[in-house]
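From first to last, the protein sequence lines are chains A and B.
Our numbering puts the first residue of the first sequence at 1, with every later residue one more than the last.
Our numbering puts the first residue of the second sequence at 385, with every later residue one more than the last.
Simulated from the structure, these hints should not be mistaken for lab results.
The beta carbon of each residue, even a glycine, is placed where N, CA and C say it ideally should be.
Any given hint could be a false lead.
[As the list claims (entries may be wrong)] A few chain A residues that don't get close to chain B, going by computed Cβ distances all over 12 angstroms:
no.	residue
1	V28
2	Y43
3	G62
4	I118
5	L186
6	W209
7	D214
[Said to hold, decoys possible] So the derived label-pair ranges between C-beta atoms look like this:
no.	chain 1	residue 1	chain 2	residue 2	range
8	A	L154	B	A405	19 to 25 angstroms
9	A	G342	B	E678	57 to 63 angstroms
10	A	E49	B	D527	26 to 32 angstroms
11	A	T56	B	E611	30 to 36 angstroms
12	A	A291	B	Q498	55 to 61 angstroms
13	A	E49	B	L612	20 to 26 angstroms
14	B	D475	A	L159	45 to 51 angstroms
[What the hints assert, rightly or not] What the simulated footprint calls covered on chain B by chain A, stretch by stretch (three residues with Cβ under 8 angstroms from a Cβ of chain A suffice, anywhere in the stretch; the number is not a length):
no.	stretch
15	391-400
16	403-409
17	424-432
18	601-611
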Amino acid sequence: MGTTRMFGPRRVDKSLVQRLLGLNWGIVFLNILIACVGFAILYSVAGGEWDPWASTQAVRFGGAFVLMLVIAVIDIRYWMAFAYPAWGIGIALLVLVEVMGAVGMGGQRWLDIGFMRIQPSELMKIAVVLALARYFHGRNYSQSRSLRSLVIPLVLIFLPVALVVIQPDLGTGIMIIAGGAAVIFLAGLPSWLFVVCFLGVAAAVPVGWQFLRDYQKDRVLTFLNPESDPLGAGYQITQSKIALGSGGMTGKGFLEGTQSQLNFLPEMKTDFIFTVLAEEFGLVGAVSVLALYGIVLTYGLLIGIGCRNQFGRLLAAGLSISLFLYVFINVAMVMGLMPVVGVPLPMISYGGSAMLTWMIAYGLILSVATHRHVTLAPKGSGLG
Amino acid sequence: MAREGLRYQTFSRRALLLAGAQGLALTALGGRLYYLSIIEGDKYKLRADRNRISIRWIVPERGEIFDRLGKTLAVNRQDFRVFLIPEQARDLAGTLARLGRVIKLDERRLSRVQRQIKRQRKFMPVTIAQGLDWKTFAEVNVDMPDLPGVVTDSGLSRFYPHGNEIAHLIGYMASPQEDEMPGSPLFQLPGFKVGRQGLERRYEDSLRGTAGTRRVEVNAVGREIRELPPRQDAVSGNSLHLAIDLDLQQFVMQRLGEEAAGAVVMDVKTGEILTLASTPSFDPNEFTNGISQENWQALLQDPRKPLINKAVAGLYPPGSTFKPIVAMAALEAGVVKPETEHYCNGALPFGDHTFHCWQKRGHGKLDLLGALSKSCDIYFYKVAQELDIDRIADMARRFGVGDVFDIGVDGEKEGLVPDREWKRRTQRDIWHAGETLNVSIGQGALLMTPLQLAVMTARLASGYSVWPSLVRSADGQDAAPNAFLPMDVNPLYMQLARRGMEMVMEVGGTAHDYRRRKSAATQAGKTGTAQVRRITKAERQTGVIDNKELPWAQRDHALFIGYTPTEKPEIAVSILVQHGGGGSSTAAPIGRAIMDKALELRESRAAAEAASKAAAMQATVQEGQD
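Please model the complete structure; the sequences and the hints are all you need to start from.
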């Protein structure tokens, strides 16, 4: 197993410019498009003004875009080498937030690093996928299928989940579990295991109910019957459904949404931004945006399938699935198909964290695409 | 490598599976969206409109009330009000305290506000103050940013420029009560008032007008963003024109002064009520913004009953003012002829009881006219011994005694005309002859209102069944001109009764005034003094106690009825002064003065009208020449 074999005939060893030009610009373009949809809706939410939200969001997107390109051009081997450390840093930050939260104000989920706030739990979504991809890259087919291979992944998943859930941020916790489970599933663990797990979770729901906090219980109850308290907890979902439904086929027109412009909608610029979109652009606009997400996310999965190393495959596909969950949970939530769990619509909702997660993930997916022909040693990154 | 291949195959298969699942999930979201926006779209469109479109009511201007000459009795005045919407006030106590620095809010007002806040739904405005002056109102508006939930508003509120003098007939305005709430959407508006008493209540529907509506787009906190056409303007209420003559009404109220009294002045021919007075009175303006508890209690506890409209709701024995009716009944029954004479020695034993004349020493020999003019009781007792009570009752009813005329004010009473049937029905007893004697001098169970006295007088004076009316035009329509049937009484009998009443005012009559100018219009009248207590035999012997020495509530009622001029009667009056003492000493002077004033006003107006007509003619002629 010499270096020649590791860095085979197709080794990537190009200049920075070449590597930039070699990026998958289709994905880059789709992401810019989605971000622009976000700017437009934030412009509308502000009543036809760039300030304060659309402009800020554009600046954030600029920063995140550069970060995505930087991540994309970095060799995949560095990312593989960085997988476990990234996970470790994520855990450290989560602990730090927890300690600071205990010292300062309660319930703090973010770290202020001057120009923006970082939510370690957001970064953890990526770090867990990275670490799991790294782990299963080193397991061959039969190793991947053995139950013993589950021990470390469960630690990789549930340690951060535990830290996130005590914040408390159940939504992110569930998303980390789901993202992790996707990687394990893709790595090849027997299918029956997932069936058993699913049944187990279903059976545990009544027990878990008792551990939920009151506000979490309220959200679930409201979800089950939003009309029970139309002015209180059910207000959000009721108004959201009215906005979605009243948009009709082509919507009320840009800047013409009554539910949004007259402030009947809650949390318009963040969690419920999809509602504004649907109200003003109707079924056509909303389905178009869903399709846009569908294309860019499926693209990510296909990049995974097209990759020749297991790390890249699991990374690209795992991240795509995680991001998909992000989008799905938000949209299902505003449509009244899921409890209101406070998950933003990444790239469109106002706020930096979700956008950052999304752009970092796509940076990694782009890196996988660029380095799809690289073969990686089962152990270590080969960077020695 | 085979192993790598297997791993890859598994991955690809599962990745495609997940891609498919993603596609399905997104399709499901799209389907849900389709369901919400297309299948149920109309429902949600409606709900979105219901969210944003709010119907606001436009308060119509209430119809004004005028007297017969167009003088205003009830108008609408700009009024500045302050409300509080509890839901929007973050710190209720703090906001009220801050408001208290600008508006005077005493304990009672505050506790009323607190009570209302508790009772109402949180988004309903509670009235804090109304009738504010401009300066205070401006100060509140300046402080608005620091007073969340406080809303100011200027609207029209009712004002009575001559409140005290017309309170009993106009009534007053007040907030609608709970049971009236479904009446009109306007009733839900803060500060909206409805007629609570009198004509304001009777003509409420006509005066109120029709609410207009505007559709406005509101945002989530209810702030108006813009108005959406079409707007439906409010239709102002109809104005109400009364038969009342404000000048005369004021004159009468002044004459009655502080007495507990009622007076009615009627146009003999048309039945129009020129004056409907009741004293003491109250200020209806106090009610518009809610009368204070103190003032309300004072009104309730006043023994002179300011809230009662004595002209229509006060029941009194008519006393001797009833004698013309008895005289006519006796003539009709053939019990007396005009020349029939009886002797009065001051007392008449009847059964085991002795009936006394008000003139202790007696009137001597009298005929019917003499008995009327001197108001001799013995003469009528003697007539009554032969006269059936039912004949008196029948005559009285023809003159409107016992009728409710429904002129539009509150509490009109029908009074009581006793007869055999009534006695049997209410007391399960037969009629005793002694009771007829009591009724013959207007005492006993007989009870009348001053309005009935006036109608009785007008019918006697005119010979027509005059029906009283208070309203000249309402609902935008003039009242139909009155056409009355002649009285179903022999005109000769009525003429005799009228002659008797003329003699009352002449030398020797009970209401003769030796100071009266010769030139003044001729008047006819009848005094009455109604006893409200029983005079015992013992008291008769020691001498009947003079009214002035009795406590107020035991003094006699003083009554007077009259009409003028005698040759061609135009004006009829009735006066009642509760516990006022003698009819000739207390009520007659007032009656005479009122009749003179009424005629004087009538003449000066006719003259003014003629003058203006002449001037108009002149103008027309000149125009023609130009």
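How the hints compare with the structure:
1. V28: 21 angstroms, holds
2. Y43: 19 angstroms, holds
3. G62: 29 angstroms, holds
4. I118: 28 angstroms, holds
5. L186: 5 angstroms, violated
6. W209: 25 angstroms, holds
7. D214: 24 angstroms, holds
8. A:L154 - B:A405: 19 to 25 angstroms: Hint holds: Cβ distance 23 angstroms, inside 19 to 25 angstroms.
9. A:G342 - B:E678: 57 to 63 angstroms: The hinted range 57 to 63 angstroms holds for G342 of chain A and E678 of chain B, with Cβ atoms some 58 angstroms apart.
10. A:E49 - B:D527: 26 to 32 angstroms: 31 angstroms, holds
11. A:T56 - B:E611: 30 to 36 angstroms: Given a distance of about 35 angstroms, which is inside 30 to 36 angstroms, the answer is holds.
12. A:A291 - B:Q498: 55 to 61 angstroms: Between A291 of chain A and Q498 of chain B, where Cβ atoms are some 58 angstroms apart, the hint holds.
13. A:E49 - B:L612: 20 to 26 angstroms: Check passed, 24 angstroms falls within 20 to 26 angstroms.
14. B:D475 - A:L159: 45 to 51 angstroms: Distance hint for D475 of chain B, L159 of chain A holds at roughly 47 angstroms.
15. 391-400: As far as the stretch 391-400 of chain B goes, the hint holds, because 8 residues have Cβ atoms under 8 angstroms from chain A.
16. 403-409: Holds, because 4 residues of the stretch 403-409 of chain B bring their Cβ atoms closer than 8 angstroms to Cβ atoms of chain A.
17. 424-432: Coverage by chain A holds here, the residue count being 7 at a Cβ distance below 8 angstroms.
18. 601-611: holds (count 6)
In summary, the structure is inconsistent with hint 5 from the numbered list given earlier, while agreeing with all the others.
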